[in-house]
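All chains should be modelled from the sequences, with the hints used to inform the complete structure.
The chain contents come next:
Number of protein chains: 2
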Amino acid sequence: MKLKKYRQNYEDFVIEGEKLVTEALLENVYPDLLIATADWLQANRRSIPEAVQVVETSMADIEKISSLSTPQPVLALMKKKEVSINTIDITQKWSLALDGISDPGNFGTILRTADWFGIDTVLCSNDCVDLYNPKVIQSTMGSIFRMSVCYFDLHDYLASCNLPKYAAVLDGEMLDNHIWPEKGVLVIGSESHGISSKVLATCNHAITIPSYGKSESLNAAIATGILLHDIKR
Amino acid sequence: MKLKKYRQNYEDFVIEGEKLVTEALLENVYPDLLIATADWLQANRRSIPEAVQVVETSMADIEKISSLSTPQPVLALMKKKEVSINTIDITQKWSLALDGISDPGNFGTILRTADWFGIDTVLCSNDCVDLYNPKVIQSTMGSIFRMSVCYFDLHDYLASCNLPKYAAVLDGEMLDNHIWPEKGVLVIGSESHGISSKVLATCNHAITIPSYGKSESLNAAIATGILLHDIKR
Numbered sequence: 001m002k003l004k005k006y007r008q009n010y011e012d013f014v015i016e017g018e019k020l021v022t023e024a025l026l027e028n029v030y031p032d033l034l035i036a037t038a039d040w041l042q043a044n045r046r047s048i049p050e051a052v053q054v055v056e057t058s059m060a061d062i063e064k065i066s067s068l069s070t071p072q073p074v075l076a077l078m079k080k081k082e083v084s085i086n087t088i089d090i091t092q093k094w095s096l097a098l099d100g101i102s103d104p105g106n107f108g109t110i111l112r113t114a115d116w117f118g119i120d121t122v123l124c125s126n127d128c129v130d131l132y133n134p135k136v137i138q139s140t141m142g143s144i145f146r147m148s149v150c151y152f153d154l155h156d157y158l159a160s161c162n163l164p165k166y167a168a169v170l171d172g173e174m175l176d177n178h179i180w181p182e183k184g185v186l187v188i189g190s191e192s193h194g195i196s197s198k199v200l201a202t203c204n205h206a207i208t209i210p211s212y213g214k215s216e217s218l219n220a221a222i223a224t225g226i227l228l229h230d231i232k233r
Numbered sequence: 001m002k003l004k005k006y007r008q009n010y011e012d013f014v015i016e017g018e019k020l021v022t023e024a025l026l027e028n029v030y031p032d033l034l035i036a037t038a039d040w041l042q043a044n045r046r047s048i049p050e051a052v053q054v055v056e057t058s059m060a061d062i063e064k065i066s067s068l069s070t071p072q073p074v075l076a077l078m079k080k081k082e083v084s085i086n087t088i089d090i091t092q093k094w095s096l097a098l099d100g101i102s103d104p105g106n107f108g109t110i111l112r113t114a115d116w117f118g119i120d121t122v123l124c125s126n127d128c129v130d131l132y133n134p135k136v137i138q139s140t141m142g143s144i145f146r147m148s149v150c151y152f153d154l155h156d157y158l159a160s161c162n163l164p165k166y167a168a169v170l171d172g173e174m175l176d177n178h179i180w181p182e183k184g185v186l187v188i189g190s191e192s193h194g195i196s197s198k199v200l201a202t203c204n205h206a207i208t209i210p211s212y213g214k215s216e217s218l219n220a221a222i223a224t225g226i227l228l229h230d231i232k233r
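Those protein sequence lines, which keep their order, are chains A and B.
Its first residue numbered 1, the first sequence is counted upward by one per residue in the working numbering.
Its first residue numbered 1, the second sequence is counted upward by one per residue in the working numbering.
Worth double-checking, as some hints may not be accurate.
Identical copies look the same in the list; a pair holds intra-copy or inter-copy alike.
[Unchecked claim] Cut-off 30 Å, straight-line C-alpha distance, at most; resulting in silico cross-link-like pairs (DSBU-like, lysine-lysine):
id	residue 1	residue 2
1	Lys135	Lys93
2	Lys79	Lys232
3	Lys232	Lys19
4	Lys183	Lys214
5	Lys232	Lys214
6	Lys80	Lys93
7	Lys232	Lys64
8	Lys19	Lys135
9	Lys93	Lys19
If you are wondering where the hints come from, they were derived from the structure by calculation, not from laboratory data.
Following this line, the structure appears as structure tokens:
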């Protein structure tokens, strides 16, 4: 199938639906190929740069290649963004580090939440889910085009990083009018195992969101949202 | 199939996995039927009350009836809890109202988050996803057994309720050292459409979580977590 050939040849990934395609174009991240129905193209012609290769097709054909339960009239092939450890600079801002987040919906929601709070760099351990997993892409709601996400040995990186590092844990200092520094790294661990002991050992602070009920833990994305809101407020 | 017969006859629902079964037993919510492997039963015999009917079976049989991608050695049939509008009293505490939350994972995560912050009553519009949807149950992580969740005409209920009602919206008063009252209702709307205009009209306050980036909105469960943390802090 043509779509698969493209994806293999050019290291592309697929985005589906008006929301993601519009966000990509708004961020000047241009698709290698845009596939849409005649109706969609007519309504959106002015927002598609001339350089973008466009294929007009039927809704029936889109339904054949879509991975969504409710296919949408537009999808696009995008080039993957290479982010290497050498191209990021986290020394002047707050960043997020994710240790072993494996659920694609959670991972995408974390990126979307980080974007809301102005975080643009996310450091991931190698066992986090792939950024280009379709469920991750969909749940970022477009934030994927505004963020630098890189995968590496998180322990080695954090061990050599001089910023304050805050670990979100279940048995740390209670978050209660905490005075946050102006820059640092917030470290979020996997839901089932938490932050790995090696990565935790690199952190200077362990912080806990107070509980008033009986549930054992908070979802990792919820904890990220609460902590980033507190850091930025 | 036996499982289906039970479910139809007794208005039961199925919970799967050690985490959910253990949480139910801890809350003294006893299954109508507990189905488990011999190994699991041997290891957990002491935590199963005598009144509970137990069926020992093989992992192969559990795999046949499980709806999980990774079946677990225990599942149980539970009776649905009837919560009517007349049995709840929200006048002395904070409660949560959900208007049109249709994503099961989101809905379950919202219940789990509410439980963390000590909220035990959740008011739902009739177009929210069903509480007993399997994905909802799994993502509550057991909080479902500690909460009263009821479905009704949310507009009528809120219109006749004299508590302060706070709507989470994208264009309201910025959340910034807000002084929250001691009791009230936090209203969260669907991600695609927000709070319906009818329900919004019943609210006394409209509040917004400040953004520092470019993403258009926050996930409904993340917004719930941030607001409940702020209310309870």
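Verification of the hints:
Only within a single protomer do Lys135 and Lys93 lie at most 30 Å apart by alpha-carbon distance; the minimum there is 28 Å, versus 37 Å between protomers. Taking CA atoms no more than 30 Å apart as the test, Lys79 paired with Lys232 passes in neither setting, with 32 Å inside one copy and 44 Å between copies. Taking the closest pair of Cα atoms, Lys232 and Lys19 come within 30 Å of each other only inside a single copy of the chain (27 Å); across copies the shortest separation is 35 Å, beyond that limit. For the homomeric pair Lys183 and Lys214, the shortest alpha-carbon distance between copies (20 Å) is at most 30 Å, but the shortest distance inside one copy (33 Å) is not.
With identical chains, the CA atoms of Lys232 and Lys214 are at most 30 Å apart both within one copy (28 Å) and between copies (15 Å). Taking the closest pair of Cα atoms, Lys80 and Lys93 come within 30 Å of each other only inside a single copy of the chain (25 Å); across copies the shortest separation is 49 Å, beyond that limit. For a Cα distance limit of 30 Å, the shortest separation of Lys232 from Lys64 qualifies neither inside one copy, at 44 Å, nor across copies, at 49 Å. Taking the closest pair of Cα atoms, Lys19 and Lys135 come within 30 Å of each other both inside a single copy (14 Å) and across two copies (25 Å).
Only within a single protomer do Lys93 and Lys19 lie at most 30 Å apart by alpha-carbon distance; the minimum there is 29 Å, versus 39 Å between protomers.
Checked against the numbered hints above, the structure violates hints 2, 7; every other hint is satisfied.
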